[in-house]
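Trainee: For reference, the chains in residue letters:
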Amino acid sequence: MISKKILLGLVGSFWWSVSAWAADRIKVITTLPDLAWMVQEIGGEFVDAKALLRGSENPHFVDAVPDFIRQVADAKVVCIAGLDLEVGYMPAILAKSGNAAVQPSGPGYCELGRSVTPLDKPTGPINRSMGDVHPMGNPHYFLSPSRLAEASQEAVKALSRVDPTHAAHYEKAGTTFKSRMEGLSQEIKARLEPFRAAQKGQPILIEYHKEYAYFLAEYGILSFGSIEEKPGVPPSAGRLAEIGGSAKNAGVKVALGAEYNPSKTLQRFQEISGITTVIVPTMIQSKGPVTSYAALQKHIADALLHALQAKAK
Amino acid sequence: MQFRWLMMAGFISSPVWAQDPSGLKISASVDLVGSYKADQKSTAEDKFAPREAEIILTAPIDATFDGMLSFAAHQEEGEAVSELHEAYIRSSRLIPRSNIRAGQFFLGLGRLNRLHRHEWPIIVAPKVHEAFFGEEGALDSGIEYSYLAPLPFFLETTLGVTNGFTYGHAHDEGEKPKKPTHYARIATYFDLPAQGGAQIALNYLSRTDAESTTTTLTGLDFTAKWREAGVLQYLVQSEIWHRTLTPDGGTSEETLGAYVLPQYAFDAQLSLGILIDYLSVLSLKDAAGNTVDNSILGVVPTLTYKASEFSTLRVAYNHSQTQREDQADSTEKRLELQATFIMGAHPAHDF
Chain A
233 MISKKILLGL VGSFWWSVSA WAADRIKVIT TLPDLAWMVQ EIGGEFVDAK ALLRGSENPH
293 FVDAVPDFIR QVADAKVVCI AGLDLEVGYM PAILAKSGNA AVQPSGPGYC ELGRSVTPLD
353 KPTGPINRSM GDVHPMGNPH YFLSPSRLAE ASQEAVKALS RVDPTHAAHY EKAGTTFKSR
413 MEGLSQEIKA RLEPFRAAQK GQPILIEYHK EYAYFLAEYG ILSFGSIEEK PGVPPSAGRL
473 AEIGGSAKNA GVKVALGAEY NPSKTLQRFQ EISGITTVIV PTMIQSKGPV TSYAALQKHI
533 ADALLHALQA KAK
Chain B
905 MQFRWLMMAG FISSPVWAQD PSGLKISASV DLVGSYKADQ KSTAEDKFAP REAEIILTAP
965 IDATFDGMLS FAAHQEEGEA VSELHEAYIR SSRLIPRSNI RAGQFFLGLG RLNRLHRHEW
1025 PIIVAPKVHE AFFGEEGALD SGIEYSYLAP LPFFLETTLG VTNGFTYGHA HDEGEKPKKP
1085 THYARIATYF DLPAQGGAQI ALNYLSRTDA ESTTTTLTGL DFTAKWREAG VLQYLVQSEI
1145 WHRTLTPDGG TSEETLGAYV LPQYAFDAQL SLGILIDYLS VLSLKDAAGN TVDNSILGVV
1205 PTLTYKASEF STLRVAYNHS QTQREDQADS TEKRLELQAT FIMGAHPAHD F
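Same order as they appear, the protein sequences are chains A and B. Using the numbering used here, you'd call the opening residue of the first sequence number 233 and step up by one each time. Using the numbering used here, you'd call the opening residue of the second sequence number 905 and step up by one each time.
Hint data in this document are derived by calculation from the structure and do not stem from the laboratory. Hints are supplied without guarantee of correctness; some may be wrong.
Which residues of chain B face chain A? A few of them, derived with a C-beta cut under 7 Å, are [stated by the list, open to error]:
#1 A967
#2 R1001
#3 S1002
#4 N1003
#5 L1052
#6 F1058
#7 Q1103
#8 G1134
For glycine and all other residues, C-beta sits at the position ideal for the given N, C-alpha and C.
Starting from the given sequences, assemble the full structure and let the hints guide the process.
Mentor: Now the structure itself:
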């Protein structure tokens, strides 16, 4: 079983390397699958984009896996989400790769978050007693089509730097991508109209961790806040009781969590508050119902609507 | 006088420097340990005290090089010692697919020797590590080069040469060796089912000191991790080492040691590991020249609580048995405690 997986991995990696080389395509490595999808959409036939993560991981806590180092060593462009999301592992991966072109000072380094207008950017002094606060703002912007479109500007710049002969193509594809994201945003916004209507000016949704903040902001969905008292710190029993009670009293109907959030904590919150917990992916995944960005957006929207309808019955 | 280095480090780490826009990152780690008798025969000191405090500075130097500097103060035989720990220049931008570093550093060999002690998943070094590398690790000045092969799988080769005047963790100048310390490590990585991965590496080190005693180490290190939902659910870490000490014209001494540490996480903060630790002098002989069976076997269950990656509390029960065919067995039982914390910037973790 193991040897079969290893063999498949080797063959897949080898094929990816050879096919990119044979077609003379730009090898792009991204951290997250959504970013790989976006770069592939912009790069088209001139680019082979691949993500390090599979989409089911917690993007805050990932090991600097040696195979990631190898993939980055082979890449011409490396795109990260930025805003300190990957600060725990990407600096080590980049440094170990021995690839000067993709280091932060190199032409192939692409920090997509630089073009994004961040949410939740702390205004006062911050320190670690406040939890895992991101000084540059909330890094989970890739769940918002319009923010992902903003981020795509950095991908266009990076691809144009390393492949100036196709710069016009990347520029045009970037513009097209933005239009497509606007269209997708309108479509999901219309889909979520019943959820917005049910709010009646008051939040009816709570998040476990504020990783859906951009998604909610994109579609005009209000958030009661997060179950976590401090970002990245598992809530205590006291916090669960307190937030569960206050969310219930405020008429919150849905709790939104990611697959990698602690399931026992979410289950306990549901028991305390009676609020339905909805678990959805935060990234495109290699298999299952959300293998494309549009499918991911629709999946989250439908999960929210379904939970609301079930609550109404 | 002993705190001269730390005073200098304190000045460097003042807030003015900490806000330097050049990319300077400063962190301080503190490692407190305690050891208490679990039976009357134990030699534990029954006290809890700082084992080590370290200040680490890292920064890009220019477009080609990065720099690393660390100062440490630690207890050695009841005395506080302050010293320059690591100081090296390194680059991953000079030669394609390569990392090079020059200066004073912990040798890029094995598993524990490549990690700072506050990053270890255990409190006290396994017996094989202590015997072959010292309590903390083998530190020396020299040059080290790593190359990542252009293959469809991870294969990294590390070669290093250091002065070799001293070996392990020494506080004297040592003497010019006949052959400097030279070493090599070849590491590969493979995926495991259920989002797991494992790294395995072969290691070699040799040195001939001023008295013409040649030390040769060969070893294998293995680390496997399974991370689920951002939590390091399972860790298996192991090293096995063989050492040959050959004095000039004398008989070689051969020693074999190994440890294995399986660790399971109950949740993001609480984990339990069991260190199984073994060391034996294979060439030990009695006065008649007969081989004498001997071994030290340790079993150390260790409970770890991590409030975050910046603070760790540990408690361990250390049970070790020394057995030698021609002597009575002896047992050491002690309770160990550890508290570590990191302030300021913290560099990204390797696998």
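Trainee: Could you check the structure against the hints above and give me the numbers of any it violates, in ascending order?
Mentor: Checked against the structure, no hint fails, so every one of them is satisfied.
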